[in-house]
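Participant: Below, each chain spelled out in residue letters.
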Amino acid sequence: MRSLYDRLVSTWIGSLFLRPIESVYTHLRQNLLFQILVVAVVPTLFMGIGVYYQFRNILEQGLNNQLTWQIVYTQKSLDNFLEEHMAALSLVFESYPIEQFKDQKGIQHIFTELNKRFPNFVDLGLVDSTGIQKTYDGPYSLELLKKNYSNEPWFQEVLVRNRFISDVFLGNQNIPHVSMVIKSQTFGKGEFWVIRANVNTSDLDKMVSAINLGSEDDAFVINRECILQNTSRFHGGILSRHCMPMHETAQNVMWTEGKNAKNEDAIIAYTSLHNKDWTLTFVQPLSERYKFFSPVHRIMIGVMISGFVFVFMFAWLITRNFAVQRRQAEQEKEAFLHTAEQTEKLASIGRLAAGVAHEINNPLAIINEDAGLMSDLTEISDDFPNKKKFEDLLRSIQSSVKRCRTITHRLLGFARQMDVSPEAIDINALIKEVFGFLEREAVNRNIHFTFNLMESLPIIESDRGQLQQVFLNIINNAMDAVDDKGEIGISTGHKNGSAVEVKIRDNGCGIPKGKLKRIFDPFFTTKARDKGTGLGLSITYGIIKKLGGRISADSELDKGTTFIIELPRSYK
Amino acid sequence: MKKMKVLLVDDEIEFVTTLSNRLGMRGIKTDVVHDGEQALEYVKKDEPDVMVLDLKMPGMYGMEVLRQLSKTNPNIQVVILTGHGTDRDEDESKRLKAFDYLRKPTDIDTLADRIQGAYSFKMESIMTAATFAEAGEFDTAREIAKESESPKTVGEMFKDEEKK
Ligand SMILES: Nc1ncnc2c1ncn2[C@@H]1O[C@H](COP(=O)(O)OP(=O)(O)OP(=O)(O)O)[C@@H](O)[C@H]1O
Ligand SMILES: [Mg+2]
Numbered sequence: 001m002r003s004l005y006d007r008l009v010s011t012w013i014g015s016l017f018l019r020p021i022e023s024v025y026t027h028l029r030q031n032l033l034f035q036i037l038v039v040a041v042v043p044t045l046f047m048g049i050g051v052y053y054q055f056r057n058i059l060e061q062g063l064n065n066q067l068t069w070q071i072v073y074t075q076k077s078l079d080n081f082l083e084e085h086m087a088a089l090s091l092v093f094e095s096y097p098i099e100q101f102k103d104q105k106g107i108q109h110i111f112t113e114l115n116k117r118f119p120n121f122v123d124l125g126l127v128d129s130t131g132i133q134k135t136y137d138g139p140y141s142l143e144l145l146k147k148n149y150s151n152e153p154w155f156q157e158v159l160v161r162n163r164f165i166s167d168v169f170l171g172n173q174n175i176p177h178v179s180m181v182i183k184s185q186t187f188g189k190g191e192f193w194v195i196r197a198n199v200n201t202s203d204l205d206k207m208v209s210a211i212n213l214g215s216e217d218d219a220f221v222i223n224r225e226c227i228l229q230n231t232s233r234f235h236g237g238i239l240s241r242h243c244m245p246m247h248e249t250a251q252n253v254m255w256t257e258g259k260n261a262k263n264e265d266a267i268i269a270y271t272s273l274h275n276k277d278w279t280l281t282f283v284q285p286l287s288e289r290y291k292f293f294s295p296v297h298r299i300m301i302g303v304m305i306s307g308f309v310f311v312f313m314f315a316w317l318i319t320r321n322f323a324v325q326r327r328q329a330e331q332e333k334e335a336f337l338h339t340a341e342q343t344e345k346l347a348s349i350g351r352l353a354a355g356v357a358h359e360i361n362n363p364l365a366i367i368n369e370d371a372g373l374m375s376d377l378t379e380i381s382d383d384f385p386n387k388k389k390f391e392d393l394l395r396s397i398q399s400s401v402k403r404c405r406t407i408t409h410r411l412l413g414f415a416r417q418m419d420v421s422p423e424a425i426d427i428n429a430l431i432k433e434v435f436g437f438l439e440r441e442a443v444n445r446n447i448h449f450t451f452n453l454m455e456s457l458p459i460i461e462s463d464r465g466q467l468q469q470v471f472l473n474i475i476n477n478a479m480d481a482v483d484d485k486g487e488i489g490i491s492t493g494h495k496n497g498s499a500v501e502v503k504i505r506d507n508g509c510g511i512p513k514g515k516l517k518r519i520f521d522p523f524f525t526t527k528a529r530d531k532g533t534g535l536g537l538s539i540t541y542g543i544i545k546k547l548g549g550r551i552s553a554d555s556e557l558d559k560g561t562t563f564i565i566e567l568p569r570s571y572k
Numbered sequence: 001m002k003k004m005k006v007l008l009v010d011d012e013i014e015f016v017t018t019l020s021n022r023l024g025m026r027g028i029k030t031d032v033v034h035d036g037e038q039a040l041e042y043v044k045k046d047e048p049d050v051m052v053l054d055l056k057m058p059g060m061y062g063m064e065v066l067r068q069l070s071k072t073n074p075n076i077q078v079v080i081l082t083g084h085g086t087d088r089d090e091d092e093s094k095r096l097k098a099f100d101y102l103r104k105p106t107d108i109d110t111l112a113d114r115i116q117g118a119y120s121f122k123m124e125s126i127m128t129a130a131t132f133a134e135a136g137e138f139d140t141a142r143e144i145a146k147e148s149e150s151p152k153t154v155g156e157m158f159k160d161e162e163k164k
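Residue numbers (the working numbering), protein chains in the order written: chain E, 1 to 572; chain P, 1 to 164.
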């Protein structure tokens with residue numbers, strides 16, 4: 001139980017501190033992506049909605065204007081229809097002498113003439129001031145003669161207004177009609193005449209249909225009592241009743257909202273006629289309006305969505321690049337800091353080491369000379385007690401001094417100013433030269449060298465002496481690492497076309513993983529006290545850095561080690 | 001052949017005395033001074049053949065001594081022996097025609113060897129000059145002599161040769 005708990009806690013703490021670097025960048029990227037999207041999408045959304053409503057308003061206005069024109073046009077033609085027939089009737093009344101109207105033959109002639117020009121007139125009759133039908137020509141000749149109209153509302157009204165147009169009614173063969181009535185001037189003794197004609201109004205439907213109707217729209221003419229004067233599409237047939245919310249009279253086209261016959265929300269436009277108390281009504285359900293806007297919707301939504309997709313893709317790419325670049329920059333920075341640290345470390349250790357070496361050299365020289373003198377003296381003196389012992393001790397002092405000397409001289413080499421004196425160098429030749437220094441030992445120890453030197457290797461500009469030291473150090477190490485009869489391979493080649501690359505491979509003891517990192521540190525050595533100072537590779541590292549190159553090591557324990565050196569074509 | 005004259009210049013009295021002692025035991029007689037001024041003074045009175053010179057000394061630095069000698073007494077062969085030298089010092093001393101550059105502590109036999117070497121180098125170049133002079137090739141002789149000596153000293157040299 002306990003250990004499980006511990007493990008849980010420690011993994012949790014571990015995850016807190018060892019948050020993988022990847023997730024930091026993913027997180028950063030998500031944040032950025034979110035911000036960009038918010039910044040890009042929100043205003044676009046607002047703008048899109050704004051533009052949409054603006055656009056819709058303009059469209060709607062356009063649509064309304066168009067409808068208004070059509071409605072006005074229809075109203076005019078309806079008015080014209082009534083006006084025209086009234087005018088024709090009144091012209092006829094004034095043109096023919098009254099005697100001709102009173103005569104049955106005469107009125108027949110007049111009607112025939114009238115009907116020739118205005119085929120919508122279906123009959124014509126004369127009524128005297130007492131309301132009795134005097135003469136008549138039309139389909140009802142027999143029934144209507146002598147009929148008394150004195151109590152009819154139209155007769156009453158024409159007495160007052162001189163002219164009258166009735167609402168629509170269904171007459172002969174169920175054809176819709178209106179009656180038009182005109183009263184003459186009053187003659188002596190209050191005597192006057194009235195003519196009455198019925199007009200076929202089937203044409204009203206045609207006129208109303210001049211309004212451009214959508215599949216759900218409707219238009220019709222209605223009177224004050226909500227009785228339809230023509231046949232509508234959805235709001236009932238002729239003479240049916242359908243009330244709409246509107247004002248009594250409307251000189252211009254009025255717009256309002258209400259319900260249509262199917263009880264849907266609708267827009268209603270209406271206007272009154274001038275010649276009759278009728279109202280021309282247009283009804284358009286909102287759904288029909290939306291149908292009209294739906295292409296606009298589709299375009300808007302399409303534009304928005306493709307915009308968002310574009311923004312998203314763009315943001316995705318940007319943030320990905322950003323994250324990648326940021327990670328690269330950070331890695332580079334880290335690498336740079338690492339090398340800078342290493343170089344700085346080397347430099348300061350170098351300065352300290354040089355100081356110490358210098359100061360030690362002088363007392364060391366005194367010890368050397370004193371011990372030297374002592375041994376010179378013992379050599380020439382006669383035998384004395386412990387002479388042999390003295391000689392041994394003095395030899396030991398002198399060899400210790402020699403050891404110290406090796407160290408201080410190497411330290412000085414380490415701290416060299418490293419002024420580079422550049423010259424043209426053939427690396428292959430230089431390697432052969434360095435091998436020359438070591439050949440004797442190699443032969444003695446039976447170490448086999450193989451060279452694989454690229455012939456067309458570019459000549460580089462670098463420092464000969466320092467490069468010699470570099471290869472000497474590395475080959476020396478390799479020779480220390482291999483047993484007698486070991487193998488050491490040296491190869492040269494290009495790297496990325498511009499630099500020279502040298503690989504020095506041995507099949508020696510190898511370097512354990514944990515120590516590989518430290519081999520370039522000053523004073524790191526695994527060799528016996530008087531065999532290695534641990535400065536060889538750190539000096540090498542410093543030189544290669546100075547020369548603008550790179551050095552790295554690869555090793556497998558008990559298999560061998562490879563050092564890889566890259567050098568630039570020219571020393572900057 | 002006349003006896004070789006060697007001057008040791010070093011401010012570490014203990015060191016330089018012991019060194020002088022040991023060189024003496026190896027058959028090289030030496031005089032000792034302890035700073036640059038003394039060295040130049042000594043040279044004015046009695047020019048040595050070989051000078052073993054330390055670089056870091058109180059007062060005048062060894063490099064300065066070398067620079068002056070290269071102008072006034074170019075025939076003195078100078079062996080630098082120092083515990084402080086940098087690469088730049090080494091380059092500079094080579095440019096000023098020092099015979100060799102050794103680092104302290106050094107092996108006594110190496111040092112003795114170099115002193116001998118310096119002396120024979122000096123003698124050889126004088127001999128060559130003399131041979132050319134005998135053959136009547138004064139220009140060549142002068143040229144060779146110029147490398148290590150001033151014309152006046154070449155004249156003295158002829159006298160020396162004659163006396164022998
Ligand atoms: N080729 C190699 N094979 C195995 N180990 C190596 C090899 N080269 C270097 N090393 C290891 O790296 C250490 C440091 O090498 P470096 O040259 O800096 O010092 P050193 O060889 O020990 O001393 P110095 O060079 O002064 O003689 C060595 O002690 C050794 O352990
Ligand atoms: Mg080494």
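These are calculated hints, taken from the structure and not from any lab test.
Check before you lean on any hint, since a few could be wrong.
If you want a taste of the chain P side facing chain E, the calculated C-beta under 7 Å gives, among others [as the list claims (entries may be wrong)]:
#1 E14
#2 S20
#3 N21
#4 G24
#5 M25
#6 P105
Quick list of in silico lysine-lysine cross-link-like pairs, DSS-like style, CA-CA up to 30 Å [claimed, not checked]:
#7 P:K29 / E:K402
#8 E:K402 / P:K94
#9 P:K94 / E:K432
#10 P:K56 / E:K546
#11 P:K29 / E:K387
#12 P:K94 / P:K44
#13 P:K56 / E:K402
#14 E:K545 / P:K29
#15 E:K527 / E:K517
Each residue gets a CB set at the ideal place from its N, CA and C atoms; glycine is no exception.
Participant: List in ascending order the numbers of the hints, as given earlier, that are violated by the structure.
Facilitator: Numbers 2, 4, 14, in rising order.
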